[in-house]
Amino acid sequence: MRPAAATAVLGLALAVGAPTAWAVTRPEVAAGPPVQRVLERTDVAPQAPPMAPTSQAPPPGAATLPPVTVRDAAPSDAPVAPPPVRLDLPGLGVTAPVDPVGIAGDGQMELPEDVDRVGWYRHGPQPGADGNAVLAGHVDDREQGPGALFPVRDAEPGDEVTVTDAAGATTRWRVVSRELVQKQVLPLDEIFARGGPPRLVVITCGGPFLPEFSSYRDNVVVVAEPVVDGAP
Amino acid sequence: MNSTTRTIGRTAGVLTAAGAMALVATPALADSHTATVSVLHAVPDLPVDVYANGERLIDDFQPGTLTDPLSLPAGDYDLALYPADAADASGEPLLSAMDVAVPAGANATVVAHLTEAGQPALTPFVNETGDIPAGQARVTVRHVAAAPAVDVRAGGQVVVDGLTNPNEESLTVPAGTVNADVVLAGTDTVAIGPADLTLTEGATTVVYAWGSGDAGYELAVQEITGQHSAPSGVPGGSAGLADESGMPLPVGAAVVAGLALAGAGAVRLARSSR
Chain A
38 MRPAAATAVL GLALAVGAPT AWAVTRPEVA AGPPVQRVLE RTDVAPQAPP MAPTSQAPPP
98 GAATLPPVTV RDAAPSDAPV APPPVRLDLP GLGVTAPVDP VGIAGDGQME LPEDVDRVGW
158 YRHGPQPGAD GNAVLAGHVD DREQGPGALF PVRDAEPGDE VTVTDAAGAT TRWRVVSREL
218 VQKQVLPLDE IFARGGPPRL VVITCGGPFL PEFSSYRDNV VVVAEPVVDG AP
Chain B
89 MNSTTRTIGR TAGVLTAAGA MALVATPALA DSHTATVSVL HAVPDLPVDV YANGERLIDD
149 FQPGTLTDPL SLPAGDYDLA LYPADAADAS GEPLLSAMDV AVPAGANATV VAHLTEAGQP
209 ALTPFVNETG DIPAGQARVT VRHVAAAPAV DVRAGGQVVV DGLTNPNEES LTVPAGTVNA
269 DVVLAGTDTV AIGPADLTLT EGATTVVYAW GSGDAGYELA VQEITGQHSA PSGVPGGSAG
329 LADESGMPLP VGAAVVAGLA LAGAGAVRLA RSSR
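Protein chains in written order, with our numbering: chain A, 38 to 269; chain B, 89 to 362.
If you are wondering where the hints come from, they were derived from the structure by calculation, not from laboratory data.
Backbone N, C-alpha and C fix where the C-beta goes; we use that ideal spot for every residue, glycine too.
One should not assume that every hint holds.
[As the list claims (entries may be wrong)] Some chain B residues close to chain A (C-beta under 7 Å, calculated; not the full set):
(1) 140
(2) 245
(3) 249
(4) 251
(5) 309
(6) 342
(7) 346
(8) 350
(9) 356
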């Protein structure tokens with residue numbers, strides 16, 4: 038009699054408790070302020086003073102013409118800054134080689150086929166330059182399994198990120214926001230912005246998997262800002 | 089001097105009309121009060137001072153140089169070029185253009201150059217500033233040299249044919265570096281180049297063919313940035329290993345086990361109470 042009641046109670050507790058515990062402990066879909074709000078902030082440039090425009094228009098009616106700067110117009114080789122070659126998120130155990138990538142045939146950002154590698158959008162800013170440096174990789178692949186950025190969905194504000202360039206120089210960043218955003222409403226113009234304070238945006242896939250499309254519904258977007266303390 | 093002045097007077101007359109027309113046909117993109125104007129000097133061997141509305145805009149402007157984009161209040165401008173070594177704004181201008189309309193929002197490049205016949209001229213060109221698809225670059229080629237029609241080749245292939253002074257042609261191409269040269273139209277006679285040109289993604293690269301048979305022909309390059317578009321999305325996974333749509337299997341199994349246990353307990357409870 039007693040053991041039977043205990044079994045029933047225990048069973049119910051298990052049936053209710055397991056999913057509750059899972060729901061409570063699963064990672065939140067977002068951490069920190071919303072990605073879009075972070076990306077629209079322009080007042081957080083700790084090391085980049087606002088750039089003075091090359092020339093300022095005088096008020097209408099003023100006679101003074103703007104100062105003029107002149108340069109040689111002969112074709113020249115554009116200076117090429119060393120591209121990023123490695124991404125590290127030590128807190129999540131992520132370390133991945135980085136390849137410069139462009140645009141895929143379908144107009145989306147190109148990603149390395151190898152899920153262990155991460156792509157840097159080479160048409161946008163370098164990590165550390167004004168604007169958003171975008172790094173992205175496959176979260177997984179049917180044949181290759183989980184990708185290098187699989188753990189990024191657990192990134193938390195404050196996590197440290199390091200990017201190393203081809204010359205061996207590093208830029209250090211701190212995560213300020215992580216969010217799961219549906220691909221249809223991903224703020225692409227804000228994410229790929231080429232102006233504004235320097236930021237690092239790390240993107241992979243996440244959310245529900247849609248087998249009929251062989252893809253995920255959402256993108257995991259992590260935004261990081263430069264570490265300014267200058268500590269080694 | 090007299091004949092020069094007459095020639096220039098003629099040039100200036102043509103210019104005023106052409107300038108007003110060219111600049112008016114511009115879509116407004118910037119704010120409502122200013123226009124963006126650059127000036128390129130492409131008359132060989134002739135340093136000048138450039139005056140706008142009687143005020144000196146550029147001092148000692150050398151051939152083959154380009155100003156950075158100037159933000160000017162919209163309005164009509166009288167432009168005049170004097171020899172750089174003359175006393176300020178004295179004597180006859182080498183070239184002038186009266187009442188050049190610079191409408192708000194325009195993006196233009198005013199080019200001092202030679203006509204096909206070798207006469208100095210001022211030509212305002214309207215720069216295209218519409219959005220460029222992600223991954224692409226726009227290239228605009230302008231013929232401002234004292235030379236007949238030319239073809240422009242990239243990687244040995246003709247991409248612009250039969251371009252005459254002072255005309256232009258634009259193409260949208262994948263961003264990257266191209267090896268380009270300029271040949272006399274319909275021939276393999278190379279007039280300029282070859283040169284490696286960097287076509288920056290999301291920007292317009294304007295390439296000018298300028299100079300003369302006597303002074304030599306050269307390329308000048310102007311880059312107008314800020315017309316980029318974002319990619320259409322970011323892909324990223326095909327296996328579903330990171331799927332977050334439902335409960336993971338162990339949790340589901342625990343629920344089933346729990347329910348089974350509860351069920352068994354309830355059945356025993358029911359039996360024993362009979």
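The hints, checked one at a time:
no.	hint	in the structure
1	140	holds (6 Å)
2	245	violated (19 Å)
3	249	violated (21 Å)
4	251	violated (18 Å)
5	309	holds (5 Å)
6	342	holds (4 Å)
7	346	holds (3 Å)
8	350	holds (3 Å)
9	356	holds (4 Å)
Of the hints listed earlier, those the structure fails to meet are numbers 2, 3, 4, in rising order.
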